Amino acid sequence: MSLGDSATPLGKVRGLGSAQEGGEHWITERVTSIALLLLGTWFIASLLLLPKLDQRTLVEWLHAPSGFIPMALLIIVGFRHALDGVKVSVDDYVHEPGNNFVLNTLLLFLAVAGAAIALFALARIAFGVAG
Amino acid sequence: MANAPSRPLSPHLTIWRWGPHMLVSILHRATGIAVSFAGLGILTWWLFALSNGTDTYADFAKVAQSPIGLIVLIGITWSFFQHLLSGIRHLVMDTGAGFELGINKTFAILTIVGSVLLTALMWFYLLGVRK
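Quick mapping for you: the protein sequence lines, in order, are chains Y and L. Here the first sequence is numbered in the working numbering, starting from 1 and rising by one per residue. Here the second sequence is numbered in the working numbering, starting from 1 and rising by one per residue.
Okay, chain Y solo, but in the shape it has when bound (with noise of 0.2 Å):
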């Protein structure tokens, strides 16, 4: 620090403790965790409850508000905590600076395009023509 002798010892230290930041993406990966316990039994519970897995089925399944609201947060949460986490990889493996952003880039696209598909399909079983 250039301040010197003259720094008041608050002076010194500020800036270079915690900034009270920068925990968001450990914790956001927690709180979608807890959120996909939910989700994903409730997914998995569904698709065991429900007397048949074709078509007809399905269709009339996500129709309902208690299948399309519970599969549009599956999704959204889904591809989130899946991005946070492989972003984890990631990190742990590619170094170099250009390479880590460039792959973490494709990643957030893959991750959004992939999110999109699928709620756009969701939106079609829901509001669109079924069978």
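I should point out that these hints are in silico values taken from the structure, not numbers from a laboratory. Keep in mind it's a predicted model, so treat the numbers as computed, not measured. Check the hints yourself; a few may be wrong.
[What the hints assert, rightly or not] Partial selection, computed: residues in chain L whose CB lies under 7 Å from chain Y:
1) L40
2) T54
3) Y57
4) G87
[What the hints assert, rightly or not] List time: in silico EDC-like cross-link candidates among lysine to aspartate or glutamate, alpha-carbon distance up to 20 Å:
5) L:K62 to Y:D54
6) L:K105 to L:D94
7) Y:K52 to L:D59
8) Y:K87 to Y:E29
9) Y:K87 to Y:E24
10) Y:K52 to L:D55
11) Y:K87 to Y:E21
[What the hints assert, rightly or not] Derived DEER-like restraints, expressed as beta-carbon distance ranges:
12) L:W123 to Y:T28: 28 to 34 Å
13) L:T14 to Y:T57: 46 to 52 Å
14) L:L110 to Y:P9: 46 to 52 Å
15) Y:I44 to L:I71: 16 to 22 Å
16) L:L110 to Y:P65: 32 to 38 Å
17) Y:T8 to L:F37: 51 to 57 Å
18) L:V63 to Y:L37: 27 to 33 Å
Glycine included, each C-beta is placed from N, C-alpha and C at the ideal position.
Since chain Y is already given, all that's left is putting chain L on it; use the hints.
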């Protein structure tokens, strides 16, 4: 630090004696990546096929019910359950609990037993009971 190329490396996979906790730790990452790419990929494909009419869904169902399709789906189901259970283990460990050697080992083994059991039960029900 940049001028110290001969810093000792931390012992890695080839040095440590394998234990359940190591296996579960690595499986958490591997199954997370599997569910992220294969799981969400197939979920998106499945929803798109569902939304696209009876013919497209029949094509999806045919691939899904082929031997290779079933192996992939069972693999993803196991990955999902393993990641879910070891995810719960990580949430517990995030609170600072469960680090005692015996408890940690038991908890690690239980995630594997649980994921195999849940996968077997689910597919026994889907293929054997409900058909």
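Each hint tested on the structure:
1. L40: It holds, given that the least Cβ distance between L:L40 and chain Y is near 6 Å, below 7 Å.
2. T54: holds (6 Å)
3. Y57: With a minimum Cβ separation of about 4 Å from chain Y (threshold 7 Å), the hint on L:Y57 holds.
4. G87: With a minimum Cβ separation of about 5 Å from chain Y (threshold 7 Å), the hint on L:G87 holds.
5. L:K62 to Y:D54: holds (12 Å)
6. L:K105 to L:D94: Holds, at about 16 Å.
7. Y:K52 to L:D59: Judged against 20 Å, a Cα distance of about 17 Å means the pair holds.
8. Y:K87 to Y:E29: Holds, at roughly 11 Å.
9. Y:K87 to Y:E24: Roughly 13 Å between the alpha carbons, so the hint for Y:K87 and Y:E24 holds.
10. Y:K52 to L:D55: This hinted pair holds, its Cα atoms lying about 18 Å apart.
11. Y:K87 to Y:E21: With a Cα-Cα distance of about 19 Å, the restraint between Y:K87 and Y:E21 holds, given a limit of 20 Å.
12. L:W123 to Y:T28: 28 to 34 Å: At roughly 32 Å between Cβ atoms, Y:T28 and L:W123 fall inside 28 to 34 Å, so the hint holds.
13. L:T14 to Y:T57: 46 to 52 Å: holds (50 Å)
14. L:L110 to Y:P9: 46 to 52 Å: Hint holds: Cβ distance 50 Å, inside 46 to 52 Å.
15. Y:I44 to L:I71: 16 to 22 Å: holds (19 Å)
16. L:L110 to Y:P65: 32 to 38 Å: holds (37 Å)
17. Y:T8 to L:F37: 51 to 57 Å: holds (53 Å)
18. L:V63 to Y:L37: 27 to 33 Å: Holds, since L:V63 and Y:L37 (Cβ atoms, about 29 Å apart) stay within the stated range.
In summary, this structure violates none of the numbered hints.
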